[in-house]
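Let the sequences and hints guide you as you build the complete structure.
Protein chains: 2
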Amino acid sequence: MAVDADYDAFLDHVRRLTYVGDAGSVLMWDQEVMMPEGGTPARSKQRSALSGLHHELLTDDDVADWLDDLADVDLDDGQQAVVREVSRKHERASRVPEDLVEELSEATANAHPVWAEAKEAGDFSQFADTLEHLVDLRREYAAAIDPDRDPYGVLFEEYEPYLGIDTAEAVLTDLREGLVPLIDEVADSDVDLATPFDGEYDTADQRALSETALDALGYDWDRGRLDEAPHPFSSGTQFDARVTTRYQPTDPIDALSSTIHEFGHATYTQGLPEDHYGTPLGQSRDLVVHESQSRFWENHVARSRPFWEYFAGTVVDHLGTPADPDDLYEAANTVHPDTLIRVEADELTYHLHVALRFEIERDLIRGDLDVDEVPGVWNDKMDDYLGVRPEDDGEGCLQDIHWSHGSFGYFPTYSLGSVLAAQLDEAIRANRDVDALVREGKFGPIRDWLREQVHRHGCRYTTPDLIRSATGTTLDADPFLSYAREKYGNLYDC
Amino acid sequence: MAVDADYDAFLDHVRRLTYVGDAGSVLMWDQEVMMPEGGTPARSKQRSALSGLHHELLTDDDVADWLDDLADVDLDDGQQAVVREVSRKHERASRVPEDLVEELSEATANAHPVWAEAKEAGDFSQFADTLEHLVDLRREYAAAIDPDRDPYGVLFEEYEPYLGIDTAEAVLTDLREGLVPLIDEVADSDVDLATPFDGEYDTADQRALSETALDALGYDWDRGRLDEAPHPFSSGTQFDARVTTRYQPTDPIDALSSTIHEFGHATYTQGLPEDHYGTPLGQSRDLVVHESQSRFWENHVARSRPFWEYFAGTVVDHLGTPADPDDLYEAANTVHPDTLIRVEADELTYHLHVALRFEIERDLIRGDLDVDEVPGVWNDKMDDYLGVRPEDDGEGCLQDIHWSHGSFGYFPTYSLGSVLAAQLDEAIRANRDVDALVREGKFGPIRDWLREQVHRHGCRYTTPDLIRSATGTTLDADPFLSYAREKYGNLYDC
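Protein sequences, first through last, are from chains A and B.
According to this note's numbering, the first sequence holds residues 179 to 672 in order.
According to this note's numbering, the second sequence holds residues 179 to 672 in order.
Keep in mind that the hints are not guaranteed to be accurate.
Stated by the list, open to error - Heads up, simulated EDC-like pairs for lysine to aspartate or glutamate below, C-alpha to C-alpha not over 20 Å straight-line:
1. A:Lys223 <-> B:Asp578
2. A:Lys620 <-> A:Asp393
3. B:Lys223 <-> A:Asp277
4. A:Lys223 <-> A:Asp239
5. A:Lys223 <-> B:Asp243
6. A:Lys665 <-> A:Asp613
7. A:Lys223 <-> B:Asp400
8. A:Lys559 <-> A:Asp393
9. A:Lys223 <-> B:Asp190
10. B:Lys665 <-> B:Asp578
11. B:Lys223 <-> A:Glu452
12. B:Lys223 <-> A:Asp453
13. B:Lys665 <-> B:Glu508
14. B:Lys223 <-> A:Asp432
15. B:Lys223 <-> A:Asp208
16. B:Lys559 <-> B:Asp578
17. A:Lys223 <-> A:Glu280
18. A:Lys223 <-> B:Asp453
19. A:Lys665 <-> A:Asp524
20. A:Lys223 <-> B:Asp208
21. B:Lys665 <-> B:Asp366
22. A:Lys559 <-> A:Glu522
23. B:Lys223 <-> B:Asp239
24. B:Lys223 <-> A:Asp362
25. B:Lys665 <-> B:Asp453
26. B:Lys267 <-> B:Asp190
27. B:Lys620 <-> B:Glu389
28. B:Lys559 <-> B:Asp524
29. A:Lys665 <-> A:Asp247
30. B:Lys559 <-> B:Asp548
31. B:Lys267 <-> B:Asp243
32. A:Lys267 <-> A:Asp324
33. A:Lys620 <-> A:Glu630
34. A:Lys267 <-> A:Asp247
These aren't lab readings, by the way, just hints derived from the structure by calculation.
Predicted, not measured: the structure shown is a model, and the values here were computed from it.
Below, the structure is given as structure tokens:
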């Protein structure tokens with residue numbers, strides 16, 4: 179009886195913690211999508227108050243006491259998973275001194291305008307001291323959590339707690355080593371893929387196309403909405419999982435891919451169990467698994483030839499452009515090795531953009547690279563991996579916002595998500611005729627498989643256990659590399 | 179030194195409390211304006227978690243200690259005002275037992291669907307037990323705050339803390355006694371006012387008209403936005419004060435009035451001092467003063483003849499209807515004594531709708547009226563004050579949501595706000611040629627007067643002190659009655 183009472187009180191506290199965190203996400207969504215510009219000063223204070231309360235609830239002494247008491251108790255599998263997840267976060271948060279949390283928060287707030295100006299000026303030297311300070315603070319942060327472990331590995335666990343940096347690093351290395359020669363071959367190919375779009379396309383028409391795509395894929399509009407944001411994202415809960423996209427006048431495939439990418443995130447969120455809302459069993463796994471969902475729908479579904487066979491007519495309906503399925507398929511899969519900007523990169527070269535960021539941030543945090551060396555190493559690696567050099571730091575090492583946020587260890591999750599997406603794609607294809615389903619616009623059976631194997635579990639399993647249960651194996655770059663070699667070999671005749 | 183340190187720590191706590199409350203308002207706005215329907219279960223939990231934390235921060239023992247310490251200290255006027263406001267809220271919140279707070283929260287959550295069904299069925303008996311329970315709980319609530327005072331007076335202070343129920347009651351009685359004979363004369367008048375609108379008007383055109391009106395009046399779009407909501411409202415802070423409106427296809431004046439009403443609220447909020455954000459000096463006074471701002475702009479500006487002289491051309495531009503200023507003025511001021519629904523009522527009869535609600539809820543809370551008698555008393559008063567009887571309770575005593583929310587004491591603030599608006603109008607006219615300014619669309623000097631006399635003070639003064647400083651007198655129904663007699667006497671030739 180006392181045990182149940184303890185667990186129930188603990189769970190009430192956990193729910194409260196989640197509700198405060200989710201309220202913070204609503205404020206973030208509103209700030210990105212709806213808030214007028216003048217609202218920033220007040221919104222920063224509101225969000226910071228909620229973060230502070232979230233931190234206090236997470237590190238509360240009561241949580242430590244409950245966790246102690248519950249360690250001696252027979253819990254069922256679900257309860258054990260809840261305790262495992264909360265305990266991990268409680269431990270991490272409790273080890274970091276308040277002062278350091280505040281210093282980091284202040285340093286990142288101050289860093290943002292410095293980074294933005296340096297990027298605008300294309301001059302890394304303006305940002306160097308700021309970056310050095312953030313690297314130092316994050317090293318301190320990692321040491322507070324565990325002084326005896328690789329600090330980059332500790333920071334990586336902020337975004338993916340269970341895979342381990344060694345596995346991640348091995349997979350990322352395999353991925354890079356497999357992709358560099360393939361991209362070389364593609365770059366040398368004489369094949370010119372089709373460019374069916376020219377002119378400009380209305381935002382309203384593009385929006386209608388995105389809505390039709392979301393309808394077709396099975397987005398639950400009663401629990402979501404579609405809006406515009408300069409940097410598309412999705413956020414929310416199983417009751418309200420929203421997506422955003424952005425419309426480029428000359429490139430309607432960009433908005434569509436972005437919408438479908440965010441659909442992948444949102445359909446994961448919509449598939450979490452309702453009755454566990456507020457606890458880890460009702461929350462999604464971390465960034466690698468989340469990104470596998472977005473990349474699966476964006477690439478393995480919506481960049482496939484069957485998808486364009488199914489969807490070409492819809493494109494014509496909305497955009498008025500006569501479009502051949504093969505041409506659309508080619509347009510959606512054109513490789514541009516000379517693209518300097520990560521967020522504009524194609525399915526293949528994207529991972530080399532990620533690889534160099536990963537290698538640089540890892541070496542910075544491990545103390546193997548000085549901040550001043552960043553632009554040189556960046557440019558050399560761009561040359562080495564993709565055969566291009568940025569003309570200034572604005573289109574080079576200053577292009578991404580992540581480091582100015584003090585985020586180190588985030589980048590790898592993008593590529594690892596794609597790797598996992600290819601493994602899931604293989605696993606689904608062992609059970610379903612994915613091409614036939616997609617060609618007929620029957621996405622339900624694909625969604626159902628993902629819901630059954632991934633979504634409904636929330637955080638019941640750790641990442642490696644979830645991967646094993648869904649795919650029967652461990653994280654592995656080979657399926658992605660085989661998929662890429664076959665697809666792009668055919669497209670580029672190489 | 180210790181004193182300053184105490185006050186600073188106290189103020190930090192107060193700010194945190196405000197930020198959490200303001201975060202709750204963002205969640206409310208999103209729920210009313212943006213949230214998909216399926217989001218309700220999660221949103222209720224998020225909002226309830228924030229309310230709970232707000233309550234804990236407000237009733238915190240530290241607050242009591244700070245208030246004790248600060249009682250012995252020399253504070254400047256602004257600091258004294260902060261202490262006065264926080265102390266009042268802390269006292270009230272601390273006196274109500276947690277159990278009762280939770281019981282009330284649960285009872286109102288349960289009441290809403292019961293009320294909605296009873297209203298739909300037009301049958302008060304379905305709601306009677308629920309209402310009785312809410313009345314009992316609110317009587318208990320008032321007794322917890324102060325068992326020795328009139329419980330209705332205590333509840334009224336939830337919405338207007340400083341005027342006192344005796345003043346409110348005297349003013350409301352004067353207002354009703356002045357309006358009933360005037361409305362009788364209007365009802366007996368042979369004059370038919372113009373009806374310049376027929377047909378249906380596009381939402382997009384009406385929206386553009388509302389936007390143009392907001393531009394003209396001086397709404398700061400960098401700190402606000404306009405959206406649609408079924409029950410228009412405004413919310414936010416001085417950094418982000420948003421308005422909503424609703425568009426009726428056949429009645430473009432309805433949306434315009436509603437937009438301008440909410441503009442009045444929002445321009446008050448936008449005029450609060452930025453540097454006091456988070457403390458009572460950066461917060462608006464309560465509902466009577468707030469409603470005076472909305473009613474001033476809605477009625478004394480936008481229902482005036484000079485306004486329509488200025489704005490008629492804009493109406494033509496947006497709606498394509500050729501419209502004579504006199505016709506528009508008449509259309510905006512038509513009295514309909516046979517309107518049964520408060521929110522559809524005109525500037526005059528509105529106050530009799532409020533009067534009967536006030537009288538009924540006051541008597542319920544004081545124990546002078548049984549819940550079962552409500553429909554009968556309601557219908558008799560409608561007959562008595564306005565000469566009409568509802569056909570069922572849906573268009574009678576069930577029409578408003580307030581009681582189902584457990585809100586008793588809110589209704590009077592609507593009329594008292596109008597009364598104060600007329601007093602402010604008189605005071606401005608003693609300093610500015612309002613008609614000439616409005617006729618030329620020069621609203622800046624009017625906004626400036628209100629900012630100087632009302633907005634910038636936040637909660638520095640109590641309501642009566644603020645009224646005295648702005649108007650030189652006390653709350654008084656006479657200016658409204660004079661204004662109404664002159665305006666409607668001219669319109670209806672009576």
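Okay, the hints, checked on the actual structure:
no. : hint                  : verdict
1   : A:Lys223 <-> B:Asp578 : 35 Å, violated
2   : A:Lys620 <-> A:Asp393 : 12 Å, holds
3   : B:Lys223 <-> A:Asp277 : 31 Å, violated
4   : A:Lys223 <-> A:Asp239 : 26 Å, violated
5   : A:Lys223 <-> B:Asp243 : 25 Å, violated
6   : A:Lys665 <-> A:Asp613 : 14 Å, holds
7   : A:Lys223 <-> B:Asp400 : 18 Å, holds
8   : A:Lys559 <-> A:Asp393 : 42 Å, violated
9   : A:Lys223 <-> B:Asp190 : 12 Å, holds
10  : B:Lys665 <-> B:Asp578 : 29 Å, violated
11  : B:Lys223 <-> A:Glu452 : 13 Å, holds
12  : B:Lys223 <-> A:Asp453 : 13 Å, holds
13  : B:Lys665 <-> B:Glu508 : 11 Å, holds
14  : B:Lys223 <-> A:Asp432 : 37 Å, violated
15  : B:Lys223 <-> A:Asp208 : 18 Å, holds
16  : B:Lys559 <-> B:Asp578 : 16 Å, holds
17  : A:Lys223 <-> A:Glu280 : 13 Å, holds
18  : A:Lys223 <-> B:Asp453 : 13 Å, holds
19  : A:Lys665 <-> A:Asp524 : 13 Å, holds
20  : A:Lys223 <-> B:Asp208 : 18 Å, holds
21  : B:Lys665 <-> B:Asp366 : 16 Å, holds
22  : A:Lys559 <-> A:Glu522 : 18 Å, holds
23  : B:Lys223 <-> B:Asp239 : 26 Å, violated
24  : B:Lys223 <-> A:Asp362 : 53 Å, violated
25  : B:Lys665 <-> B:Asp453 : 41 Å, violated
26  : B:Lys267 <-> B:Asp190 : 16 Å, holds
27  : B:Lys620 <-> B:Glu389 : 17 Å, holds
28  : B:Lys559 <-> B:Asp524 : 18 Å, holds
29  : A:Lys665 <-> A:Asp247 : 54 Å, violated
30  : B:Lys559 <-> B:Asp548 : 16 Å, holds
31  : B:Lys267 <-> B:Asp243 : 15 Å, holds
32  : A:Lys267 <-> A:Asp324 : 14 Å, holds
33  : A:Lys620 <-> A:Glu630 : 17 Å, holds
34  : A:Lys267 <-> A:Asp247 : 17 Å, holds
This entry does not satisfy hints 1, 3, 4, 5, 8, 10, 14, 23, 24, 25, 29, going by the numbered hints stated previously.
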